[in-house]
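Taken in sequence, the protein lines are chains A and B.
Note that the first sequence covers residues 1 to 282 in my numbering.
Note that the second sequence covers residues 1 to 282 in my numbering.
Because the hints were derived from the structure by calculation, they are not lab data.
Keep in mind that the hints are not guaranteed to be accurate.
Unchecked claim - Partner residues aside, some chain B positions facing chain A, computed with beta carbon under 7 Å:
(1) Ala7
(2) Lys104
(3) Thr105
(4) Thr106
(5) Ile137
(6) Leu138
(7) Lys158
(8) Leu160
(9) Asp163
(10) Leu164
(11) Met166
The beta carbon of each residue, even a glycine, is placed where N, CA and C say it ideally should be.
Number of protein chains: 2
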Amino acid sequence: MQQITSAHDIQRVVLAARREGKRIGVVPTMGYLHDGHASLMRAARAACDIVIATIFVNPLQFAPSEDFTRYPRDIERDRQIAEEAGCNILFTPTSEEMYPEGFKTTISVGGVSAPFEGIFRPTHFNGVATVVTKLFILTQPDKAFFGQKDYQQCLVVKKLVRDLAMPVEVVMCPTQRESDGLAMSSRNMYLSAEERSRATILYAALQAAQQFIMQGNRTRLSIEAVLRDVLLSVHDITIDYAAAADSEDLSQPDEFAPQQGIVLLVAARIGSTRLIDNLLVR
Amino acid sequence: MQQITSAHDIQRVVLAARREGKRIGVVPTMGYLHDGHASLMRAARAACDIVIATIFVNPLQFAPSEDFTRYPRDIERDRQIAEEAGCNILFTPTSEEMYPEGFKTTISVGGVSAPFEGIFRPTHFNGVATVVTKLFILTQPDKAFFGQKDYQQCLVVKKLVRDLAMPVEVVMCPTQRESDGLAMSSRNMYLSAEERSRATILYAALQAAQQFIMQGNRTRLSIEAVLRDVLLSVHDITIDYAAAADSEDLSQPDEFAPQQGIVLLVAARIGSTRLIDNLLVR
Numbered sequence: 001m002q003q004i005t006s007a008h009d010i011q012r013v014v015l016a017a018r019r020e021g022k023r024i025g026v027v028p029t030m031g032y033l034h035d036g037h038a039s040l041m042r043a044a045r046a047a048c049d050i051v052i053a054t055i056f057v058n059p060l061q062f063a064p065s066e067d068f069t070r071y072p073r074d075i076e077r078d079r080q081i082a083e084e085a086g087c088n089i090l091f092t093p094t095s096e097e098m099y100p101e102g103f104k105t106t107i108s109v110g111g112v113s114a115p116f117e118g119i120f121r122p123t124h125f126n127g128v129a130t131v132v133t134k135l136f137i138l139t140q141p142d143k144a145f146f147g148q149k150d151y152q153q154c155l156v157v158k159k160l161v162r163d164l165a166m167p168v169e170v171v172m173c174p175t176q177r178e179s180d181g182l183a184m185s186s187r188n189m190y191l192s193a194e195e196r197s198r199a200t201i202l203y204a205a206l207q208a209a210q211q212f213i214m215q216g217n218r219t220r221l222s223i224e225a226v227l228r229d230v231l232l233s234v235h236d237i238t239i240d241y242a243a244a245a246d247s248e249d250l251s252q253p254d255e256f257a258p259q260q261g262i263v264l265l266v267a268a269r270i271g272s273t274r275l276i277d278n279l280l281v282r
Numbered sequence: 001m002q003q004i005t006s007a008h009d010i011q012r013v014v015l016a017a018r019r020e021g022k023r024i025g026v027v028p029t030m031g032y033l034h035d036g037h038a039s040l041m042r043a044a045r046a047a048c049d050i051v052i053a054t055i056f057v058n059p060l061q062f063a064p065s066e067d068f069t070r071y072p073r074d075i076e077r078d079r080q081i082a083e084e085a086g087c088n089i090l091f092t093p094t095s096e097e098m099y100p101e102g103f104k105t106t107i108s109v110g111g112v113s114a115p116f117e118g119i120f121r122p123t124h125f126n127g128v129a130t131v132v133t134k135l136f137i138l139t140q141p142d143k144a145f146f147g148q149k150d151y152q153q154c155l156v157v158k159k160l161v162r163d164l165a166m167p168v169e170v171v172m173c174p175t176q177r178e179s180d181g182l183a184m185s186s187r188n189m190y191l192s193a194e195e196r197s198r199a200t201i202l203y204a205a206l207q208a209a210q211q212f213i214m215q216g217n218r219t220r221l222s223i224e225a226v227l228r229d230v231l232l233s234v235h236d237i238t239i240d241y242a243a244a245a246d247s248e249d250l251s252q253p254d255e256f257a258p259q260q261g262i263v264l265l266v267a268a269r270i271g272s273t274r275l276i277d278n279l280l281v282r
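With the hints as extra help, turn the sequences into a complete structure.
Here it is in structure tokens:
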């Protein structure tokens, strides 16, 4: 596996690869890799000739109050995981490389970026759209792999790609979970042992609401009440949102139609750690 | 010359051309072509294997009060001019093709987009940046050709390309002028015969200010006073701006340094027709 840090170098390598007709898969990450990331890399390995993982803790997608500076980093471990998962290239640009002095361009995607994370992290998806566009321009992928855990992000990236007609297929891969159901996330390392055991309530709430829907309940507020009731059964939890929405456009009808795909979305703080999770019910 | 209207088709053609190692030049236009556009196409012809001219009157770069609906169109004449200038492909997408139902993505470039046109047409450069990005994604050019007449637009596109690291060289070509100095523009056709003769005052003002600078005057307000005095020597003219600025970043120092490149920029309405022009003094 080759490690590249310069934008110019990665572009040279991928343009050459494309001229040879190679299929390029990219897995954009913020590093501190876990098996969720590795599963994306394995999916890319299976579908593409050249697999590029990118590691970049993108300052644009953090608000000043958020955890940009303390976001966990461990490049040696990341290298090992990426190599074992079959990556050919690890692209690890610096901030200066991605956003050189005077960088001023912002990309915003309306619609699906507005609710949920868009309310609690108002500049977040602009940062995501901007960095993803630049990473796609630098790595020229045929396919890009994202985890379902960031469900709304997947929708935003799909919309961005469709709107700009980027020749990239966005592949959403299943959320990887710990044995007790907690969705894998680099931020789980912020949790104390006691918080870690309470954190399983997110997935429990999603499963309870899923079951409630399977029993024939399709009234949004009643589904959301199940989510809330389960989440609030543990102490010291703050809910940002606990919602049911249309799985395609994130609209929130009073009543879901029989064939309408539903996504259950939760964001909550356990102690000072903000966690998100979701479940698709189709 | 091949005419293509579908985004999917143009992408298929250019991706195939790139695989063959062909150098692609693109000339983005809003149609109603004149010799200014043709000169861009000839420059592309000289530098590239495949020349694509795009014709798209981009609704996003017009404010509701502006001339989008009455902007002149003549596709038959355009086809002939593009073909004679050596274009291989004329890309003429519809609005629905460029901005399908639900299109929500906006690209904004800060900095150089803020002054001058950015003040008088506040959403204009967002529209330009968005359409140029999409056209570049669709046509995958090695080089893109723009006229100096839209000087600030050239700077915005160069900044966009640099910020996002697009593998495109932006080439700025000289403004083409009528024999009396009026910069060629599709909007000149709005002018009555009497307005047309007054419109030459823009270039006259630029030349007077250029001469004033050549005589050693580098105080901004005194340069701008020359521009204004000449412009206001004709009746029924409204000046949006008549300015001297740094030719790279459009900053406006009180005094220009001896080696500093200066761009003279004017925008004025003659009757109801808004015209722009500029001159580089280096």
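Against the structure, the hints:
Interface hint at Ala7 of chain B: satisfied, since its Cβ lies 5 Å from the closest Cβ of chain A, which is below the 7 Å cut-off. For the restraint placing Lys104 of chain B at the interface with chain A, the shortest Cβ-Cβ distance is roughly 3 Å, inside the 7 Å limit, so the hint holds. Satisfaction of the interface hint for Thr105 of chain B is found here, the shortest Cβ-Cβ separation to chain A being roughly 4 Å, below the 7 Å cut-off. Proximity of Thr106 of chain B to chain A holds as hinted, the smallest CB-CB distance being about 5 Å (cut-off 7 Å).
At about 5 Å, the closest approach between the beta carbon of Ile137 of chain B and any beta carbon in chain A falls short of 7 Å, and the interface hint on this residue holds. At its closest, the beta carbon of Leu138 of chain B sits 6 Å from a beta carbon of chain A; the interface hint therefore holds under the 7 Å criterion. Hint status for Lys158 of chain B relative to chain A: violated, with the closest Cβ pair at about 12 Å, above 7 Å. Here the hint on Leu160 of chain B is kept, as its CB sits about 6 Å from the closest CB of chain A, short of 7 Å.
Checking Asp163 of chain B against chain A: minimum C-beta separation of about 4 Å stays under 7 Å; hint holds. Given hint, Leu164 of chain B at the interface with chain A, holds; its Cβ is 5 Å from that chain's nearest Cβ, closer than 7 Å. Among the interface hints, the one on Met166 of chain B holds; its C-beta lies about 6 Å from the nearest C-beta in chain A, closer than the 7 Å criterion.
Against the hints set out earlier in the document, a violation occurs for number 7 only.
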